[in-house]
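Colleague: Sequence:
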Amino acid sequence: MKNSIVRSPLSWYLTGVLFVILISYLAIEYILFEKRYVNSVLKEAQQFENKFSYTIDCYKEVLEKISSEFKAKNIFTNKEEIADTLKKAYVYGIENIDKEAIRISGVNWIGEDISFPIGRLGELKNKINLQQDYLSRLKKNNKSMEISGGMLLNIPSSPYIINVGVGVRDNEETYRGFLNVRINMEALVERLRLIFAEENHEFILFDKGSQIIASSISLSSKEIKQIKGMMPTGKIDENFFKNRGLESFSYPFIVHSNKIFYYLYILYSKRQFYILFLKLIGLQTCLLFIFLLSSILFSLFYHRRVMKRVVHINREKNRENIELLKQQRQLESYVKSSEEAERAGRKFQFEINHRVSHSLSEIIYVGNCLFKRINETEQLEENADDLMEIFEKAIMHSRYSCVKSEVTSVDLNRVLEEASTILLKKTLKKEILIKKRIKGKIGNLISDELAVKQVVINLLNRAIQNSPKGGIIELSLSSDKEQFFLECKDYGYVLDQQVKQENLQKEKGDSVDCMFLEWHDLEKLVNLLGGELKAHYEVYKGNDLILKLPMQSLGRKKSGETTQPNLGNNVIPFSYIKKDGTL
1 MKNSIVRSPL SWYLTGVLFV ILISYLAIEY ILFEKRYVNS VLKEAQQFEN KFSYTIDCYK
61 EVLEKISSEF KAKNIFTNKE EIADTLKKAY VYGIENIDKE AIRISGVNWI GEDISFPIGR
121 LGELKNKINL QQDYLSRLKK NNKSMEISGG MLLNIPSSPY IINVGVGVRD NEETYRGFLN
181 VRINMEALVE RLRLIFAEEN HEFILFDKGS QIIASSISLS SKEIKQIKGM MPTGKIDENF
241 FKNRGLESFS YPFIVHSNKI FYYLYILYSK RQFYILFLKL IGLQTCLLFI FLLSSILFSL
301 FYHRRVMKRV VHINREKNRE NIELLKQQRQ LESYVKSSEE AERAGRKFQF EINHRVSHSL
361 SEIIYVGNCL FKRINETEQL EENADDLMEI FEKAIMHSRY SCVKSEVTSV DLNRVLEEAS
421 TILLKKTLKK EILIKKRIKG KIGNLISDEL AVKQVVINLL NRAIQNSPKG GIIELSLSSD
481 KEQFFLECKD YGYVLDQQVK QENLQKEKGD SVDCMFLEWH DLEKLVNLLG GELKAHYEVY
541 KGNDLILKLP MQSLGRKKSG ETTQPNLGNN VIPFSYIKKD GTL
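For the sequence shown, the working numbering gives the first residue as 1, with consecutive numbering after it.
Accuracy of the hints is not assured; some may be wrong.
To be verified - List time: in silico DMTMM-like cross-link candidates among lysine to aspartate or glutamate, alpha-carbon distance up to 25 Å: (1) K541 to D411; (2) K87 to E49; (3) K481 to E417; (4) K534 to E449; (5) K139 to D170; (6) K347 to E247; (7) K60 to E247; (8) K270 to E223; (9) K541 to E487; (10) K127 to E112; (11) K71 to E112; (12) K429 to E342; (13) K139 to E190; (14) K439 to D480; (15) K222 to D207; (16) K426 to D411; (17) K65 to E112; (18) K60 to E223; (19) K140 to E69; (20) K481 to E431; (21) K425 to D480; (22) K60 to E100; (23) K65 to D113; (24) K436 to E339; (25) K425 to E449; (26) K435 to D544; (27) K439 to E449; (28) K279 to E49; (29) K65 to D170; (30) K441 to E431.
As the list claims (entries may be wrong) - Restraint-style ranges between C-beta atoms, simulated for each label pair: (31) S337 to I23: 51 to 57 Å; (32) E431 to E538: 19 to 25 Å; (33) K534 to E340: 17 to 23 Å; (34) E29 to D411: 24 to 30 Å; (35) R182 to S476: 38 to 44 Å; (36) T421 to N527: 41 to 47 Å; (37) I472 to L324: 27 to 33 Å.
Hints listed in this document are in silico derivations from the structure and should not be mistaken for laboratory results. Positions of the beta carbon are idealized from the N, C-alpha and C atoms, including for glycine.
Take these sequences, add in the hints, and give me the full structure.
Modeller: Listed below in structure tokens is the structure:
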């Protein structure tokens with residue numbers, strides 16, 4: 001019969017072979033996964049140990065540098081200078097090998113007579129109870145960090161405290177006291193808990209004296225006693241954790257030259273282990289084998305050519321649908337970005353045109369006054385060329401004095417975002433990637449926001465113009481106590497030649513496009529803001545534009561302060577123009 005399914009011994013043979021291969025593959029994957037899992041747990045423990053040791057070493061560096069300062073200043077008994085030195089060490093921090101500023105709030109100075117400790121806030125009211133063995137080691141060893149550990153009080157709920165100290169001697173090598181830091185281990189371990197929380201692991205950390213330092217699982221007093229009873233043997237019974245449904249890894253480690261010995265037990269759920277394995281196998285391997293098995297069996301029972309044709313058609317349709325969907329989404333994104341850039345550009349040009357229109361109205365007023373002076377009989381002795389020179393200088397002053405005298409607070413981050421939005425169509429057209437990097441906390445600039453925005457747009461527009469298609473532009477914004485720095489770097493090869501040509505064409509006229517001023521026009525605008533503009537060019541490395549603006553580019557008007565009359569928008573009236581063309 002044509003519709004009957006024909007089964008042969010070959011199909012059963014292939015099915016059995018594939019089943020054996022699948023089981024073997026799963027077994028191998030399980031062994032490899034278990035090894036990777038164990039290695040990942042050990043890696044977490046090593047990260048824990050490294051961060052723990054790094055923290056202790058940071059305390060050591062701070063104490064050694066403070067002790068050297070005590071010895072150099074000879075301030076072993078001056079309480080005020082001791083407190084002031086500790087306060088400065090906390091406020092400014094002490095730099096370590098990795099160039100990080102470390103600040104420790106709990107540093108105390110304890111004199112040789114074991115009097116009341118002195119901290120950065122002054123003398124403490126209570127003494128610190130320290131072990132005699134710890135004190136003798138501090139007195140005996142010179143410039144060597146000593147560590148003493150134990151609970152604050154001898155009760156289970158008391159936090160585990162570590163004392164880290166360095167003995168201090170004067171210039172005559174006489175022991176004068178020691179610097180001590182008290183570290184709450186529970187708070188320290190809490191910051192390292194994230195290492196295990198990401199992998200859903202639990203942990204227990206205790207010292208060689210069976211003192212539990214920190215634990216991510218709750219333990220009863222009975223369980224704590226059981227653990228202390230097992231620790232003299234150096235190992236906790238595995239059944240103790242299996243009763244909770246947990247498996248464990250033991251990781252002993254030593255901190256600071258064999259002086260502190262810890263046991264770290266990392267606990268994980270066997271159920272969670274199997275779930276992770278099944279996720280790995282189920283999503284990748286099992287689907288692959290099921291597909292191969294079904295394909296082989298299906299090809300044995302039905303026509304192979306039909307199967308191949310159907311698979312080919314489905315793949316082509318899926319590929320076309322995915323490509324069409326991607327193109328549609330990309331087109332919608334481009335249209336939306338273009339509309340947003342168009343709106344932002346029109347808004348910026350409207351603000352510029354609104355400001356310039358006031359200046360032009362005042363230029364017309366100045367021109368009328370000049371022509372009246374030319375026609376006056378008592379002014380005939382004046383040269384018409386001198387008057388026209390005054391008129392041209394008035395135009396130039398009106399053009400470059402469009403900076404508001406009443407300034408506002410300018411957010412440079414927002415200005416960068418608006419400039420990027422305005423020039424978005426150009427960046428999309430040239431497929432340019434703009435990388436922004438802000439160094440530190442950036443405050444607000446006190447200046448004319450529109451003028452600052454025009455400068456930033458011109459810098460970014462110039463970088464886009466110089467960049468090749470598919471290029472990269474890097475914007476770096478930083479500040480110090482006095483000024484802001486904006487660096488605009490591209491990787492084109494045009495700027496150096498452009499700058500030279502523009503310097504030669506200064507006499508040909510001024511810029512018309514507010515978004516792409518000539519180089520000398522842009523420098524004048526930056527100078528009016530009290531800033532500085534520099535350009536650097538390196539062959540085959542690109543162009544680097546550096547803008548410097550002071551924290552307060554322009555001063556605010558104070559009450560009662562006399563100013564020049566303002567007929568338009570910051571345009572100087574004719575009455576303030578002298579005959580020699582100056583203002």
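Colleague: Take the C-alpha atoms of K60 and E100, compute the straight-line distance between them, and say whether it is at most 25 Å.
Modeller: Measuring from Cα to Cα gives roughly 14 Å; hence the hint holds.
Colleague: Tell me if the straight-line CA distance from K534 to E449 falls inside 25 Å.
Modeller: 21 Å, holds
Colleague: Hey, K541 versus E487, does the alpha-carbon distance stay inside 25 Å?
Modeller: Status holds; Cα separation ~15 Å.
Colleague: E29 and D411, beta-carbon distance inside 24 to 30 Å?
Modeller: 54 Å, violated
Colleague: Hint check: K60 vs E223, CA-CA at most 25 Å. Holds or violated?
Modeller: Roughly 35 Å between the alpha carbons, so the hint for K60 and E223 is violated.
Colleague: K222 and D207 were given as a pair; does the straight-line alpha-carbon distance stay at or below 25 Å?
Modeller: At roughly 19 Å apart (the allowed maximum being 25 Å), D207 and K222 satisfy the hint.
Colleague: Is 51 to 57 Å respected by the C-beta to C-beta distance linking S337 and I23?
Modeller: For S337 and I23 the Cβ distance comes to about 54 Å; the hint holds.
Colleague: Measuring from beta carbon to beta carbon, are E431 and E538 in 19 to 25 Å?
Modeller: With Cβ atoms ~24 Å apart, the hint holds.
Colleague: Kindly confirm whether 38 to 44 Å is satisfied by the beta carbon distance between R182 and S476.
Modeller: 42 Å, holds
Colleague: Need the status of pair K87, E49: alpha-carbon distance at most 25 Å?
Modeller: Roughly 30 Å between the alpha carbons, so the hint for K87 and E49 is violated.
Colleague: If you draw a straight line from the CA of K435 to the CA of D544, is it 25 Å or shorter?
Modeller: 14 Å, holds
Colleague: Holds or violated: K441 with E431, Cα cutoff 25 Å?
Modeller: Violated, at roughly 30 Å.
When the structure is compared with the earlier hints, violations turn up for hints 1, 2, 6, 7, 13, 18, 20, 21, 28, 30, 33, 34 and 36 and for no others.
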